[in-house]
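Fit chain B to the supplied structure of chain A, relying on the hints for placement.
Those sequence lines, one after another, are chains A and B.
In terms of the numbering used here, the first sequence has 244 at position 244, counting the first letter as 1, and numbering is strictly consecutive.
In terms of the numbering used here, the second sequence has 296 at position 296, counting the first letter as 1, and numbering is strictly consecutive.
These are computed hints drawn from the structure, not numbers from a lab.
The structure presented is a predicted model; accordingly, all values stated were derived computationally and were not measured.
One or more of the hints may lead you astray.
Stated by the list, open to error - Derived DEER-like restraints, expressed as beta-carbon distance ranges:
#1 Glu21/A / Phe16/B: 50 to 56 Å
#2 Val44/A / Lys271/B: 21 to 27 Å
#3 Ala251/B / Asn273/A: 54 to 60 Å
#4 Glu184/A / Ser326/B: 31 to 37 Å
#5 Glu354/B / Asn237/A: 42 to 48 Å
#6 Gln169/A / Ala160/B: 51 to 57 Å
#7 Tyr9/A / Arg53/B: 56 to 62 Å
Here a beta-carbon is modelled for each residue, glycine too, at the ideal position from N, C-alpha and C.
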Amino acid sequence: MRISERQRYDVAANRMNKAREDNVGMLDMLSTQKKINAVSDDPVSAARVIQERGRLKNLEQYQKNILYSRGYLERTESAISGIHDGLIRAKELAIAMSNDTYDYDSRDAAAREIKEVIDGIVSLGNTTYGNRYVFGGFRTQTPPLSSDGKYGGDDGAIFLQIDENLFRQINVQARQLFEASEEELQGGHFNMVHTLNTLFEGLKSDDKEMIRSSLEELDFQMSKSSSYQATLGSIQNALDSAGQRVELTDEMSREAVSVLEDADSYKSISDFNRTETVLQSTLMASNKLLQPSLLNFLQ
Amino acid sequence: MPGLYHTLNIGAEALFTSRQGVDTAGHNIANAQTDGYSRQRVNAEQRKPLEARGIVIGNGVFVKNITRAHDQFLEKQINKTNQDKGFSDSRQTELKALEGIYSPELNASISDELSGFFNAVGELSNFPEELTVRTHVREAAQNLVSAFRRIDSSLKVQQANINQRIMGETDEVNILLNQIADLNLQISAIETTEAADANDLRDQQDRLLQDLSTKMNVNYYQSDQGMLTIMGPNETLLVDKGYASQVGVAAKNGDSNLVDIVSIDAAGNTKVITNGIENGKIKGYLDVRDNVVESLLAKNNEMAFNLKDRVNEVHRQGFGLKDYGSSMGRDFFTGSDSVDNAAETIDLSGIISESTDAISIAATPGAPGDNVIANNLMRLEHDKIMDNGKASFKDFYANYVGSFGLDVVRSEHIDQANNILMGDLKARREAVSGVSMDEEAMNLLKWQANFTASSRVITTVDEMLETVLALKR
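Same shape as in the complex, but just chain A (with noise of 0.2 Å):
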């Protein structure tokens, strides 16, 4: 084949433009350390990165309402406890004051213990996380438990997304804690700050028979409490569970993440050398080829 002198030109040129290039590309990948830099690159890749990284900003958020539960939950637990500390405290006195080696004096003082018991029970069902009363349902700025013990709360269930399509209710519907059903009171059962009260008032009266009657209320007031306790407990496990598979998912989405878009550095390195010194001898063999002609040697 003929081989004319523009085509000497235009071979050099188009190679040291491939040269130059693929040095670039090799430029670009090394000082972004990714591979996909336009959808382009690999849009199989690139969509599914779209997809990985809106997952990852799910699961972000998924962690940060976990985190949140996980406080409420420890927050509405312990004021569970306490409560179920001062109906316990309760019992304690109503069994020592029942015996007839108790006198005036001492049920009187025994009262006021108790009053702060039922002010205590009072001050935790209104207890707050953050600026919400845990115990008021969706009713979560006003208090829900009067100093008479009235509830006024609703049963709002407050849902929050834990994982996709997984939601978990974070509150417990305290109505049920603090007052009795309309069933419980035809069984002769009552509101627990009423039973209290009840309490307060047998040994403000030094009613023995009044005391009596109010420890066995006070035990069914304490197995409700300790069954909310219960369920708090299998809520957490729950939570506790779903975030270390949130964890878990969060940590395979940024490794497919990065296998997708992150370049192989040594690979990358290793590749922009060899590119460099592609170009590098392609301009060393255009520069020797471009020279001589016959006519170089003519005198």
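Positioned in the frame of chain A, the structure of chain B alone reads:
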């Protein structure tokens, strides 16, 4: 009967031929780097011999003609490939420009803004009463809306750019058509005799034809006098002898911003030929403008429309905070009722922009801690809403960006293939028509030697003449 003057004449003609050889070699060397130049060669031929006294006597040399080394079938192939290459070139360039809009480096992609919005709603689900969180939701929604609009407007800007390019290309086509028609006349004027070849003009003609075929699909044939007849899209006669018809643009039906391509004949009648353009640069531009950009716009609109619709549907079931605590039925987003301009018009509804308390995420009135609707909103993120219930918003976005990316890659590959093919054809053309310095150096040597020898003939005849003249003293 030939005499000494005959011999002198042979020498003179040989001298002329040799000089012409050097001349043409010089012309070749001068044009070694000229685009589209075909090397020329001097065709020397013996003169018709004389017959005298029964013997045939050679009558010297003359320059029969100067021809160019040229392969017209190769030229046809180049012009066909030029059309493909023009198409893939312009398509590739424009797709690359569009790709920037969807660059993964851009953090504010729709997908990210969607996550941002739904995460803000998630945060609101945690803290339904917090003013700051509500403001955050509004800002995230604003960002999302802006992302839809930015993509919409970026795409439209690109579309307008491409439209401009198409208009520019038609102007260039007209210049080419006029030049080719002019050359037709010039060539036919020169090539009236068989010996005369308008080599350089034909080179120019070939080059113009190559430029023209890069731009759109054309058919042509060449008459004996070297005149080109060119048929364009839809069998429109573009060039006939010295006549060139013109192409122009006219506002496209229904969309006054974009243009159709029309042909204008001698009588000034116009005919839309947009659909007849099947190849070349202009087709590449048309394809990106009318198909690629339109489909991307449609996808963006589809997402914006469905998002607006579904979010509103859920949001309308919610109660707000404070002043809005006992009323429901409020829209979150506003926008056009038609899918066609959903992305352009999507915005926060007036009431939401006015007060964040209007963000309604409670399922019951007067319940500030109620996050039921917020949770319902969050479900939309993963619900399979798009593509007839087959894809979530993000799946849909990732899919359409991904398939656009594949289109870019495909067109890149096609463009590369065309470049290689073109390179190959050009190499073949160069092999036939290109100037080789070595060869021209040889030609120079050859003709120079010939020139020297021919001048020798003349000096010899001169001496002989002197001898003859000296006979009579």
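Okay, the hints, checked on the actual structure:
1. Glu21/A / Phe16/B: 50 to 56 Å: 52 Å, holds
2. Val44/A / Lys271/B: 21 to 27 Å: Taking Cβ atoms as reference, Val44/A and Lys271/B lie about 44 Å apart, which means the hint is violated.
3. Ala251/B / Asn273/A: 54 to 60 Å: Holds, since Ala251/B and Asn273/A (Cβ atoms, about 55 Å apart) stay within the stated range.
4. Glu184/A / Ser326/B: 31 to 37 Å: For Ser326/B against Glu184/A, whose Cβ atoms are near 33 Å apart, the range 31 to 37 Å holds.
5. Glu354/B / Asn237/A: 42 to 48 Å: 44 Å, holds
6. Gln169/A / Ala160/B: 51 to 57 Å: Given about 53 Å between the Cβ atoms, the range holds.
7. Tyr9/A / Arg53/B: 56 to 62 Å: Cβ of Tyr9/A to Cβ of Arg53/B: about 58 Å, so the range 56 to 62 Å holds.
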